[in-house]
Amino acid sequence: MQQLLVWQNGQVSTNCSLEALPGILADPQALVWLDLLLEDELQPYQDMLSSKFKLSRLTIETLNEARERARLVEQTGYFHLVVHGLAFDVENIEARTPKLDIIFGHNFLISIHREAMDWLASLLDEAHDESEEHLMSRGAARLLHAILDTQVDSYFPVLDVLDDMSDDLEDKAVTDASNEVQARIFRTKKALARMRRVISPQVEVMNSLITRTGDFIPTSAEPYFADVHDHLVRTFEVLDSYRDLMSGLLDVYLTTVSNRLNVIMKQLTIIATIFMPITFITGVFGQNFAHSPQVETDKGYNFWIVLLVMVLITLAQIWYFKRRKWI
Amino acid sequence: MQQLLVWQNGQVSTNCSLEALPGILADPQALVWLDLLLEDELQPYQDMLSSKFKLSRLTIETLNEARERARLVEQTGYFHLVVHGLAFDVENIEARTPKLDIIFGHNFLISIHREAMDWLASLLDEAHDESEEHLMSRGAARLLHAILDTQVDSYFPVLDVLDDMSDDLEDKAVTDASNEVQARIFRTKKALARMRRVISPQVEVMNSLITRTGDFIPTSAEPYFADVHDHLVRTFEVLDSYRDLMSGLLDVYLTTVSNRLNVIMKQLTIIATIFMPITFITGVFGQNFAHSPQVETDKGYNFWIVLLVMVLITLAQIWYFKRRKWI
Amino acid sequence: MQQLLVWQNGQVSTNCSLEALPGILADPQALVWLDLLLEDELQPYQDMLSSKFKLSRLTIETLNEARERARLVEQTGYFHLVVHGLAFDVENIEARTPKLDIIFGHNFLISIHREAMDWLASLLDEAHDESEEHLMSRGAARLLHAILDTQVDSYFPVLDVLDDMSDDLEDKAVTDASNEVQARIFRTKKALARMRRVISPQVEVMNSLITRTGDFIPTSAEPYFADVHDHLVRTFEVLDSYRDLMSGLLDVYLTTVSNRLNVIMKQLTIIATIFMPITFITGVFGQNFAHSPQVETDKGYNFWIVLLVMVLITLAQIWYFKRRKWI
Amino acid sequence: MQQLLVWQNGQVSTNCSLEALPGILADPQALVWLDLLLEDELQPYQDMLSSKFKLSRLTIETLNEARERARLVEQTGYFHLVVHGLAFDVENIEARTPKLDIIFGHNFLISIHREAMDWLASLLDEAHDESEEHLMSRGAARLLHAILDTQVDSYFPVLDVLDDMSDDLEDKAVTDASNEVQARIFRTKKALARMRRVISPQVEVMNSLITRTGDFIPTSAEPYFADVHDHLVRTFEVLDSYRDLMSGLLDVYLTTVSNRLNVIMKQLTIIATIFMPITFITGVFGQNFAHSPQVETDKGYNFWIVLLVMVLITLAQIWYFKRRKWI
Amino acid sequence: MQQLLVWQNGQVSTNCSLEALPGILADPQALVWLDLLLEDELQPYQDMLSSKFKLSRLTIETLNEARERARLVEQTGYFHLVVHGLAFDVENIEARTPKLDIIFGHNFLISIHREAMDWLASLLDEAHDESEEHLMSRGAARLLHAILDTQVDSYFPVLDVLDDMSDDLEDKAVTDASNEVQARIFRTKKALARMRRVISPQVEVMNSLITRTGDFIPTSAEPYFADVHDHLVRTFEVLDSYRDLMSGLLDVYLTTVSNRLNVIMKQLTIIATIFMPITFITGVFGQNFAHSPQVETDKGYNFWIVLLVMVLITLAQIWYFKRRKWI
Ligand SMILES: [Mg+2]
Ligand SMILES: [Mg+2]
Ligand SMILES: [Mg+2]
Ligand SMILES: [Mg+2]
Ligand SMILES: [Mg+2]
Ligand SMILES: [Mg+2]
Ligand SMILES: [Mg+2]
Ligand SMILES: [Mg+2]
Ligand SMILES: [Mg+2]
Ligand SMILES: [Mg+2]
Ligand SMILES: [Mg+2]
Ligand SMILES: [Mg+2]
Ligand SMILES: [Mg+2]
Ligand SMILES: [Mg+2]
Ligand SMILES: [Mg+2]
Ligand SMILES: [Mg+2]
Ligand SMILES: [Mg+2]
Ligand SMILES: [Mg+2]
Ligand SMILES: [Mg+2]
Ligand SMILES: [Mg+2]
Ligand SMILES: [Mg+2]
Ligand SMILES: [Mg+2]
Ligand SMILES: [Mg+2]
Ligand SMILES: [Mg+2]
Ligand SMILES: [Mg+2]
Ligand SMILES: [Mg+2]
Ligand SMILES: [Mg+2]
Ligand SMILES: [Mg+2]
Ligand SMILES: [Mg+2]
Ligand SMILES: [Mg+2]
Ligand SMILES: [Mg+2]
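Residue numbers (my numbering), protein chains in the order written: chain A, 772 to 1098; chain B, 772 to 1098; chain C, 772 to 1098; chain D, 772 to 1098; chain E, 772 to 1098.
In short, the hints are calculated from the structure, not lab data. Each hint should be verified, as a subset may be incorrect.
Identical chains blur together in the list; that is why a pair holds if it fits in one copy or across any two.
BS3-like cross-link-like pairs, simulated, lysine-lysine; straight-line CA separation at most 27 Å [what the hints assert, rightly or not]: (1) K943 to K961; (2) K1093 to K943; (3) K1096 to K1037; (4) K1093 to K1037; (5) K943 to K1096; (6) K1037 to K943; (7) K823 to K1070; (8) K825 to K1093.
Could you put the whole structure together from the sequences, leaning on the hints where they help?
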């Protein structure tokens, strides 16, 4: 799917044809935003991109790769920026990090992605409407900032989801000794590692956007990009602290498992400690001799006396376990 | 809540109206300190801040965000500094890190926060009184230093509380095998991570305050800011060492749990090792045969002989366990 | 095995003799590619390399060493680049990292290796054919790029194999408590460490290829080498994240082992808790007294009454274990 | 306690009065060394320091703080250096790191500390004696070097004590499963963390002493300070490696505890495996039937035959345990 | 022991007296190599070194210290380099890192060590023989390179020994649950830490040898020193990866211990699960009642029927354990 927005003479037009592009691009006051949501392959758009926007072979190759590290490449007449979205599937505990290619020059910006992104869609919607301070009215740098700012803002709900999930896991780790807790912690760690791997180079890239794009970003706009950079650093630090948290949760879980073993072994020990001595007593009086004292002295109470002794022994043991706080 | 302090002509006045501000700000020898304790939203003060102090859109946006990384942003005519307080709730083992925005120019300083802070309140009280060497008498840079110095000094009582708590946990970890110790260690780790995340960028920011504010901080005042920077580094290092300490405590606790299991299993083994052999003996003499030696040779002592043998076996076992230091 | 390719006057010739080399190397427009697949020793080629290409003693020494760290050495008239291939043997869980020496000057490139490499072989095949845009038609720098690019692309299938294997291990770690899982995790870690150790200096080397080769790499080709550098960084990061994954898998496995112990101990405890009390009852009624109540009151039902009591006790215990979710 | 040493005209005098100081300090060839061992507070000396040596408010504040990070502050007319001593109490496994403030200018040096330090005392003693090459004869920089060099040399005996203690712990960790080993490892780790925290900034400070003191340290003396810096780095590295060692010892100890559990469980299993089968046999022949084979076929040997069978079963089990290396 | 080699006028002489040294050192074309193998103390050579080679007091002090960090110190007229050898005692699993001091100027080199080193001895032997390309014929820098190159080459056999030992430990960790494996892993870790601590600063030193010795190392010789630097980095990386390997082996060993416990507990559980139910049955029929069904209905088969039932129960249990893969 392709959306072409042209800002020219203080007005946005959404029904420009690609044929008119060369003329528009020749106007330094115009601003073109082309958004491409690829079905699968870049193929259908490749020739158009090469001819109309003069993209290099390297740029086309990079666009064709599904997975790329975040980066900023300067090419003749434009910059190529690779960034990533962040999404988290709570059901399967899986992170998705769809790639977003942004190609921008002094009066155009192309955004190319293989997955629909909500925040980008609403930004495009906003750009369709005429508004007092239109998104595209202040040039390519401010449009780029709007996109990157909105993208980074879209990370924070993901972090909130992670926060809820980790609180939930924290409760489970204490109460639930089943293997499932462990598996969830592992999958979360894996997802966090993936997100960190994607955000980490993005932090650097946002920094070089300020320092390496020359006069593309005017000095007055630099604090805005620094703000985005700062939010990226915060995202990275929060992801990092969740990784530590998961390690901590694993410790909690393993202690829960260990304590459960202690509880089981205590029960076994209590049972054995109570029944072994009194069972031994029944064995003593179950022996066959020619002369058994408990038989020869029996006036009808011996059975009950022995039983009473066994009850007393048991009570003494229970008292002992209570005192040692075992039961 | 809003407090406005104006230092002009060697005197502090606390009842200035906001309308008089433009005139006062035009006097380079004056110094304005405006403290805003927000109920919830910046909204009521937003227009005043924009019009009277010429704050930029980015600054207003940042003021509106509840959580921000510590930072120093240079804007036209002023700097925007974001720092954080540190508080620790011993009951729930939770850290709070309220944000404090400080906006300062050559003759004004605005402090904005959503939570009341004791140390800031007493600093404001101090500024209300006339004193020989008034807080605001030496210019904005020294006022900024006083605020930051007092804030960092407010961290050390928090570190002392953490120290007491970790001593307490150290005792518990050795004596108490309950899951609660583990949960407390985990929560402390989480709180420490939060505090570290807030202090870590603050260290850098304090450094750039010296290097990036040009002539705002006079060379003679730089060692004072370096001193605050040093105290921040020390805070960070102490927080860091507590994190290691917590990991060490977890090891202590886990060993306590393991040793408790060993104690339980020893008890079980001692019981089984004592009673199984003698119970076997009662079984031997409880068998039914046509000719049982213990019956046929019984002159009335066999029962007692067998009992004596069993007592001797038991004593031998107890001696053996004693020698192996099991009991 | 030796392959000599010469690009001269817009044509590739593959049957040049080594004797003609000095003449060809004198032509700055020509390009020579010599590939040496050593049987074992460099010896047979050593004199030729020294005399025809003027390689230094240090270069010859380095070529003779089987293991070398990745590096770029500038010598008089040429550069010496050491890089490594990546191969993974899934059966034995072992990594191989064959060394590839690349010596290049303005109009020649020599590739020397002790192991056959598929990707290099197909690149050589490609160079044998006349094609519109021949590999060697754009000079030594682009040929070098083609080789390095293809080599790094050959890493990604290895990463995919690792990905499959780690998914497989993830399943096994949860279900299989045998020692084999542990051994496989250990061997994978070892293989990953080896691969990391080889890729890590390669990242730096690719960077210095851009910054330290002066005009050998024209500015227009730099983004192409930066792209290879980026792919190397990605390879390194993925290897790094697999290392963390393996540590996570080990935790999963250890929990599986621990949980298995809990299952075993539960079974033992259930058995003991059920049978010890009722066995004790049989002992009570197996004692010999002159007057045993169960004998003297027996109207033929006592045996069954006692049996019923024992069944009831057992049912109560089973209900108790069910309620505690033990069975 | 206060000691004042004055080197003037090639002679040391120890009975100078403080009143004479301004005159002496005016002589650039003189050298004043003032050592202050504070009872508790700086108060009694504060005015004298401010007036005679022109110490700034910041310096006085820093002197008043009991705990400070190592640092070097340049002030008008002097430098303020904060370093720390290192002491280790083997009994309680506790580190002490008393602060030492050194204030030095071109012809004076003040050392201020709250704890007596042996090495400093003997250095002062040395300075009291007339000697051929007197400590103070070569200027303030060399005196500063003598103090720092002696201080760092005083660290190595502490490292040796740690070495002995860790050897001792190494033996204990293998043989002793009591909780005490664990507690000692934890306390040692805590002490090491404290020492590291104090030495770490000192390394940097020693470096800036060379680079940031301008002409105070003549080029010819720089290698001497570099030597001290190097010894500090070595101290730090040794402390660091002890930290790793302690983690390793903890592993050793935990394995000792685990192996002890295995030994206990083996004993229990051996006892149960030996006695359960033969006790079952006694149960079989203890049953009451109208026709019991062992009764009806008894010619007087059955008791002994059964006993023999039980002995044989036991011997077979012992042989089996021996073969599996359990006993 | 002292060896003095002098290269002058294209010839090596080994019987020069120390008295002739000043004359030889005055000849910029000569090259003096003095090797000192100290018995214990530097004392006997100290005066000679100070007077003939003008070594500074700092250099003499450093020579006198038995343990020093690797370093390069520039002094007037010479450089002082401290490096370390690497030796590993497989029997006691202990590393030795003897110090080697190298003092070199434009026409002399002094090597001083307290332990005999094989590689240095054979280098000295080589220098005694007249050869076509004599070791000392190309100046002090190349002699220094020969020494450092040979020393670093002497590290690789040590690494190979470590490799064999770790393979051996890998086998043992899986099969042997005795405490000895653990102790060996710990000692290896300790030895590795020592070696790392010695090699780590040597890497930096080798780097500064190139950058900080000015024209002592001619540009043409720099790649040779870079090669030694590279081999040092490789040594360091291999040592580092062995440290990770040891941690991995410890995990393997601990799992072996854990699995052994599981095996023991399984055996106990199987024994108890088999014998407790059938022993209970014998108890049931061993009770004394006036009317026991198994007595009153006995036609001579009841004993065998009960025995058969017990056999069937046992077989069922064995089948159950087989199905659950416990036996
Ligand atoms: Mg690419
Ligand atoms: Mg990536
Ligand atoms: Mg990770
Ligand atoms: Mg940045
Ligand atoms: Mg932010
Ligand atoms: Mg953190
Ligand atoms: Mg961590
Ligand atoms: Mg912001
Ligand atoms: Mg933050
Ligand atoms: Mg700093
Ligand atoms: Mg401080
Ligand atoms: Mg620390
Ligand atoms: Mg740490
Ligand atoms: Mg080499
Ligand atoms: Mg290497
Ligand atoms: Mg390597
Ligand atoms: Mg790079
Ligand atoms: Mg890439
Ligand atoms: Mg990663
Ligand atoms: Mg201070
Ligand atoms: Mg400190
Ligand atoms: Mg340094
Ligand atoms: Mg040293
Ligand atoms: Mg170390
Ligand atoms: Mg370590
Ligand atoms: Mg030294
Ligand atoms: Mg060292
Ligand atoms: Mg280097
Ligand atoms: Mg090498
Ligand atoms: Mg490694
Ligand atoms: Mg590691």
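To see whether the hints hold, each was checked on the structure:
no.: 1; hint: K943 to K961; verdict: both (19 Å within a copy, 17 Å between copies)
no.: 2; hint: K1093 to K943; verdict: between (29 Å within a copy, 21 Å between copies)
no.: 3; hint: K1096 to K1037; verdict: both (11 Å within a copy, 17 Å between copies)
no.: 4; hint: K1093 to K1037; verdict: both (12 Å within a copy, 18 Å between copies)
no.: 5; hint: K943 to K1096; verdict: both (26 Å within a copy, 16 Å between copies)
no.: 6; hint: K1037 to K943; verdict: both (23 Å within a copy, 21 Å between copies)
no.: 7; hint: K823 to K1070; verdict: neither (116 Å within a copy, 106 Å between copies)
no.: 8; hint: K825 to K1093; verdict: neither (84 Å within a copy, 71 Å between copies)
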